[in-house]
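Construct the entire structure; sequences and hints are all you get.
These protein sequence lines are chains A and B, in that order. So for the first sequence, the working numbering puts the first residue at 1; every next one is plus one. So for the second sequence, the working numbering puts the first residue at 233; every next one is plus one.
Be careful, since some hints might not be right.
What the hints assert, rightly or not - Result set (DSBU-like, lysine-lysine): computed pairs, CA atoms no more than 30 Å apart in a straight line:
# : chain 1 : residue 1 : chain 2 : residue 2
1 : B       : K303      : A       : K29
2 : A       : K35       : B       : K374
3 : A       : K88       : A       : K60
4 : B       : K279      : A       : K106
5 : B       : K279      : A       : K20
Unchecked claim - Have a look at the derived ranges for each label pair, beta carbon to beta carbon:
#  : chain 1 : residue 1 : chain 2 : residue 2 : range
6  : A       : Q201      : B       : I400      : 47 to 53 Å
7  : A       : P17       : B       : T268      : 43 to 49 Å
8  : A       : D218      : B       : N307      : 25 to 31 Å
9  : A       : D218      : B       : A337      : 37 to 43 Å
10 : A       : K88       : B       : N288      : 41 to 47 Å
11 : B       : P397      : A       : E71       : 51 to 57 Å
12 : B       : D367      : A       : G47       : 35 to 41 Å
13 : B       : P308      : A       : R131      : 28 to 34 Å
14 : A       : L114      : B       : P397      : 41 to 47 Å
15 : B       : S260      : A       : G84       : 28 to 34 Å
16 : A       : N65       : B       : A337      : 51 to 57 Å
17 : A       : D218      : B       : P397      : 37 to 43 Å
For the record, the hints were derived by calculation from the structure and aren't laboratory data. For each residue, glycine too, the CB sits at the ideal point set by N, CA and C.
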Amino acid sequence: MNHNQRDWEVHPPYLYPDYKSTVFRAPSKPLIPMKHTLSESTGPVYGQESVGKYDNDLTKNGIRNGEPLGERIVVSGRILDIDGRPIKNTLVEIWQANAAGRYIHKVDQHNAPLDPNFFGGGRCVTDENGRYTFMTIKPGAYPWGNHPNAWRPNHIHFSLFGSNITNRLVTQMYFPGDPLLQYDPIYQGVPEKARHLLVSQFDLSLTQPDFALGYNFDIVLRGHNATPFENQ
Amino acid sequence: MTQTPSQTVGPYFAYGLSPQQYLYNHTSIASGNLRTSNTQGEPITIKGRVLDGQGNAIPDAMIEIWQADAKGQYNPTDSDFKGFGRFGTGTDPEAQFIFQTIKPASVDGQAPHITVVVFMRGLLTHAYTRLYFSDETAENQKDIVLSTVPEERKNTLIAQRQETPEGIVYQWDIVMQGEQETVFFDV
Ligand SMILES: [Fe+3]
Numbered sequence: 001m002n003h004n005q006r007d008w009e010v011h012p013p014y015l016y017p018d019y020k021s022t023v024f025r026a027p028s029k030p031l032i033p034m035k036h037t038l039s040e041s042t043g044p045v046y047g048q049e050s051v052g053k054y055d056n057d058l059t060k061n062g063i064r065n066g067e068p069l070g071e072r073i074v075v076s077g078r079i080l081d082i083d084g085r086p087i088k089n090t091l092v093e094i095w096q097a098n099a100a101g102r103y104i105h106k107v108d109q110h111n112a113p114l115d116p117n118f119f120g121g122g123r124c125v126t127d128e129n130g131r132y133t134f135m136t137i138k139p140g141a142y143p144w145g146n147h148p149n150a151w152r153p154n155h156i157h158f159s160l161f162g163s164n165i166t167n168r169l170v171t172q173m174y175f176p177g178d179p180l181l182q183y184d185p186i187y188q189g190v191p192e193k194a195r196h197l198l199v200s201q202f203d204l205s206l207t208q209p210d211f212a213l214g215y216n217f218d219i220v221l222r223g224h225n226a227t228p229f230e231n232q
Numbered sequence: 233m234t235q236t237p238s239q240t241v242g243p244y245f246a247y248g249l250s251p252q253q254y255l256y257n258h259t260s261i262a263s264g265n266l267r268t269s270n271t272q273g274e275p276i277t278i279k280g281r282v283l284d285g286q287g288n289a290i291p292d293a294m295i296e297i298w299q300a301d302a303k304g305q306y307n308p309t310d311s312d313f314k315g316f317g318r319f320g321t322g323t324d325p326e327a328q329f330i331f332q333t334i335k336p337a338s339v340d341g342q343a344p345h346i347t348v349v350v351f352m353r354g355l356l357t358h359a360y361t362r363l364y365f366s367d368e369t370a371e372n373q374k375d376i377v378l379s380t381v382p383e384e385r386k387n388t389l390i391a392q393r394q395e396t397p398e399g400i401v402y403q404w405d406i407v408m409q410g411e412q413e414t415v416f417f418d419v
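Pasting the structure below:
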């Protein structure tokens, strides 16, 4: 496999019938292979100027009249390319449910309380070592309509740009030891050998004593130095 | 190292990824409007729906576009044209995506085109496609990427130019499945 290509041995397939929404949305014809041109080896660049003061602190960026409820956590990790090189100055966007498992999104009808002091969206830019760090609240599990008694495991949604548009990745970070993972078709849609890559690790060195627990979640994107003719 | 697997964007991306469009109290890094009154090039609007295998318009998709400017440059340093747009299909009554942009020039000898990235609930891995322009017949005919697409499917990548009272509109639906399924690329 050329390392600028998507590794289909780790990404979930489009059609995964246990996840019902894939049935009428999955492309049914084979993808057409494309050699990268300048259009694929470039991409938008969002740096520090796209990040506001509290954007990386979800315990603060939604405050109206008090502290958000729930367990404070630090979520940090490195964004790397396939060769293990850090991807510096790249934008990381996240969104998540509150501690009760409720999204602020208008169509989330889950009968769990909204937290007036928690928004749930954030962003930051990686440093020289490719590291990002968020302070947030541990998201709750929530029910969904996929099948009877379906619950999503605790998770944080991540969106990344990397160094060009083919590096684009949207994924979800899970928590170690979550008993719901084995029942979740979104997580199970990932080929078995790669599933563990979506589970963060508890990391004592990231904890803030008397304040917050820490989880590490590294993310590996595709090739760094794609050039227009490298694949030809 | 192994690539981190993709997961669906889910139904609730709006307040995280395009909060301003959905009227949440948070800034957005990108929107459906890529141009200002100073941006060089022909102003155009791109409009379309994302259709599922039953022909229903999908109201919780997110479309991103990436394009060159009117000089054929990506990430130009001398202009405020970023070339990147993001729009969710949940705010338009017909579930359309709508981009206000400029028509890109040719890059690398390719026909003018826009890279399109498709995300939605139910799509575990995002999909890549390209938008070409109906008024570029000659360029389209010799494009190196279009030439890899079976003849009968090329039309799925070509946005139709319309002159309307609001200006030039390119109409282009993205069809996820079936006879008229849009060509998606393994990029
Ligand atoms: Fe979620």
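Structure-based check of all given hints:
1. A C-alpha spacing of about 35 Å is found between K303 (chain B) and K29 (chain A), which places the hinted pair above 30 Å, so the restraint is violated.
2. Straight-line distance between C-alpha atoms of K35 (chain A) and K374 (chain B) comes to about 16 Å, which keeps the hinted pair within the 30 Å bound.
3. For the given pair, K88 (chain A) sits about 25 Å from K60 (chain A) by alpha-carbon distance, which is consistent with the 30 Å threshold.
4. Restraint check: the Cα-Cα separation between K279 (chain B) and K106 (chain A) comes to about 24 Å, which is no more than 30 Å; the hinted pair holds.
5. The suggested pairing of K279 (chain B) with K20 (chain A) holds, with an alpha-carbon distance near 28 Å, which does not exceed 30 Å.
6. Checked against the hint of 47 to 53 Å, the pair Q201 (chain A) and I400 (chain B) passes, with Cβ atoms roughly 52 Å apart.
7. At about 46 Å, the CB distance of P17 (chain A) to T268 (chain B) agrees with the hint of 43 to 49 Å.
8. For D218 (chain A) and N307 (chain B), the Cβ-Cβ distance of about 27 Å falls inside the hinted range of 25 to 31 Å, so the restraint holds.
9. Restraint check, D218 (chain A) to A337 (chain B): a C-beta distance of roughly 39 Å satisfies the suggested window 37 to 43 Å.
10. For K88 (chain A) paired with N288 (chain B), a C-beta distance near 42 Å keeps the hint of 41 to 47 Å intact.
11. The given range of 51 to 57 Å is respected by P397 (chain B) and E71 (chain A), whose C-beta atoms sit roughly 55 Å from each other.
12. Checking the proposed 35 to 41 Å range against D367 (chain B) and G47 (chain A) shows it holds: the Cβ atoms sit about 36 Å from each other.
13. Between P308 (chain B) and R131 (chain A) the C-beta distance comes to about 30 Å, which sits within the given range of 28 to 34 Å.
14. Look at L114 (chain A) against P397 (chain B): about 42 Å separates their beta carbons, and that is inside 41 to 47 Å.
15. The supplied range of 28 to 34 Å is met by S260 (chain B) and G84 (chain A), whose beta-carbon atoms lie about 32 Å from each other.
16. In this structure the hint that N65 (chain A) and A337 (chain B) lie 51 to 57 Å apart at CB holds, the actual value being about 52 Å.
17. Taking 37 to 43 Å as the suggested C-beta distance range, the pair D218 (chain A) and P397 (chain B) does not conform, at roughly 52 Å.
In this structure, the hints that do not hold are numbers 1, 17, in rising order.
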